[in-house]
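Student: Following the hints, put chains B and C in place on chain A, whose structure we already have.
Protein chains in written order, with the working numbering: chain A, 5 to 107; chain B, 4 to 119; chain C, 556 to 767.
All the given hints hold, so there is nothing to weed out.
Straight line, CA to CA, 27 Å or less: simulated DSSO-like cross-link-like pairs of lysine-lysine:
(1) C:Lys640 with B:Lys33
(2) C:Lys706 with C:Lys689
(3) B:Lys58 with C:Lys689
(4) B:Lys33 with B:Lys58
Derived from the structure by calculation, the hints contain no laboratory data. Because the structure is a prediction, the values reported are computed rather than measured.
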Amino acid sequence: MNGIHDMGGMQCMGPIEREENEPAFHETWEGRVFGMFFTNFAEGHFNVDMFRHGIERMGPAEYLETSYYEHWLHSFETLLVERGVLAEGELEEKIASLREAGG
Amino acid sequence: MPALTPEIVPGLVAGGASCRMDAEIAPRFKVGDRVTARIVNPMSHTRLPRYIRGKTGTVARDHGVFALPDSSVCGVHSDPQHVYSVRFEADHLWGEHANANSSLYIDLFDVYIDPA
Amino acid sequence: MTIANEGSSIMADDHTHNEPPSDTAMRVKALETLLTEKGLLDPAAIDALVETYETRIGPRNGARVVARAWTDPDYRQRLLEDGTKAIAELGFSGVQGEDMVVVENTGDVHNMVVCTLCSCYPWPTLGLPPIWFKSAPYRARAVIDPRGVLKEFGVELSEDVELRVWDSNAELRYLVLPQRPAGTEGMSEDELAELVSRDSMIGTALADAPAG
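Bound-form chain A, shown alone (with noise of 0.2 Å):
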């Protein structure tokens, strides 16, 4: 699909930002959710094609606003819906609950 992540040639992206000692993950939950990629492949939830897709069906807005590792969460959890793993606004629930108990 002619999506936003088909990125080659496009102008005006602003500067290439770089930083120093850079660790694998800047955030914990970065790892968790790389670690979810495994788990979920494992699973056999989705193949790498499968994954890469869900990433590419985001909205172009949200897409450019957020990162990596929130990519990927967004592909886990439109797969699992999609698949039947997860109900819809499971998610939604548990989040809630979690905040009540005190997150």
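Tutor: Below, chains B and C without anything else, positioned relative to chain A:
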């Protein structure tokens, strides 16, 4: 019981999951052939980026046979075919604004290209 | 509720441990909790994966490959002919390095790697990609203005040198074999590996010059 336990992690990480497929398929192209990328606009997943579509390049290498991502996105690795490294000259891709003395290599699945 | 109550595994070393977790951190925690409750995720497997990619898999692996190629002409030959097999000789293989191609920089050719469609990257040799490699500006510009990108990275490449950009869009992963710097004759493989930066194996830098 989860499929992935800590004991399995080292083997999974070291083994990986190649998309290469063991299929005897004759290549349609050989190194040096001129090929043109198809002009397609599929609504689904593809690894043929827009900036290559309709452009003509030269086969630089045959990587062997791999599953086609455009089909694998439906769930199972399928449509095994040759993947070729194809070289495109920068001025052909980008016209008068191209960098001097530059080229672009990209891996193209057999169904992405036609003889030029 | 194994992991939710031990939520420390997610939040413990966040800088904001006295603040409520960010929306994203909470979302991730909720997803991990749900999958764990359903018996579809073992948090200890994720701990093992994080530990592996934080401590054992990174660009020092690729630097070993480069240093070996610089000191062993037969190895260099094997590396350029079948990257996957030659890299596996040194023990580096696996996820996102299943099918490797090594491209060599010379006095006439400079290679640089990008993935315009996502952020494909050779994990076993380079680790997980840096943010800039995954960023929109790099992915967009590396193919249309690679010399401009190199300049931004501090590499002034003569127009006499052919610049080859590799868009790793399929399942092949690319490692650049940088040129061995001058003045390194007699250096050991270990000393040479120290000169090989991550960026020099992506092609956005040259190998470092030896000190002194």
